Amino acid sequence: MRKFGIPALTLLLIAGVQFACKKSNSGNLDGTYQSNGAMSVGPLRMYVAGSVITDTSVTGPYGRRYTAGNLDPSMGFLPGAGTATMPFTYKVTINNLEGTIFFEGQAPVTVDIRHTPERLLLAARDSSAYSYNSPDDRCGQLLRRVTLDHSDSACYAMPVSSFSNSYCKYRDVFPLEVAGPALHVPTMMLAINSNGCGRRLINAWGRFDPAVAVTLQAGDTILVQERTLPLYEQ
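Just so you know, the sequence shown maps onto residues -20 to -1, 1 to 214 in mature numbering (1 follows the signal peptide of the UniProt record, and there is no 0).
No false leads were mixed into what you were given.
If you anchor each label on the Cβ, the simulated ranges turn out as follows:
no., residue 1, residue 2, range
1, Asp106, Gly56, 30 to 36 Å
2, Glu78, Gln197, 38 to 44 Å
3, Arg45, Thr80, 34 to 40 Å
4, Thr90, Glu213, 16 to 22 Å
5, Pro67, Ala191, 29 to 35 Å
6, Gly176, Pro67, 30 to 36 Å
7, Gly62, Asn8, 29 to 35 Å
8, Gly11, Cys177, 41 to 47 Å
9, His95, Pro67, 27 to 33 Å
10, Ile33, Asp10, 40 to 46 Å
11, Thr34, Thr63, 14 to 20 Å
12, Asn76, Ser31, 43 to 49 Å
13, Arg44, His95, 36 to 42 Å
14, Tyr212, Arg94, 20 to 26 Å
Hints listed in this document are in silico derivations from the structure and should not be mistaken for laboratory results.
Predicted model only: the values in this text are computed from it and were never measured.
Yeah, the Cβ is synthetic: ideal placement off N, Cα and C, and Gly gets one too.
Based on the sequences and whatever the hints tell you, model everything.
Below you can see the structure in the form of C-alpha cells.
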C-alpha cells in the first residue's frame, strides 16, 4: 500500500463514533481536517500463541529492541499508554463522496469515501501494485492479516526470482473514526517475528485486527501499539 510515516517496503498503509450535535456520520462531513501534532497512545501488547501479554516488564524489553537511541519517539514503541507528538502533518479534505489525503512530503491521494454505520473508509482511487518477496514466508502471511480494513485485491503468481514471486494490485483503504469535533486517524506500530523472519509497520494508517491472535502458532510473536491522531476541522 501507499506509505505514510516512514517510507519502507514492509510498511502497509493500509474507525468510529458518531459526531455529537454538530456532525453525524450520516450528515454533512464536508470540510478540511488537519492534525495539530498531538496523538494518544495505547498500551503495548504482545500476542503469542494462546495469549496476549500486557505486562510492561515483559513487553518493555521487546519494545526497546525497535527503538534506537535518538529515534523520534513517534517512530518507535513507547513504554506505556499516554500521549506523544507526531511531527508529521496529516490533512484530509472531504467533499461529499470523494476527498483528498495530504501527507507532509508526499503527493496528495485522491480517495472515494464510503460511509458505514461506524466509520468512514477512504479508498484510494488509483490502484497500487506491489511485488512480494517470499509470499509464503510466515511473517509475510501474518503481515497481510493484521489490518482490519481491507480493499479488494488481485494477486498473481510469478516465476520465482531473486526479487519476487508474487504480484498484487489493490486499492489502499484508510479508515477514519468520527468523534466529536474531530476526525481520528487510527495508526499502529507493529513488529512481527516468527522463527527467524521479521516484519515491521511504522505508523501504519490502519486498525489492528485482534482476530489474528487465533491464527498464531508456536514461535509467532506480534508486538503492537495502537495510536489515535485527531484531525480538527479548519
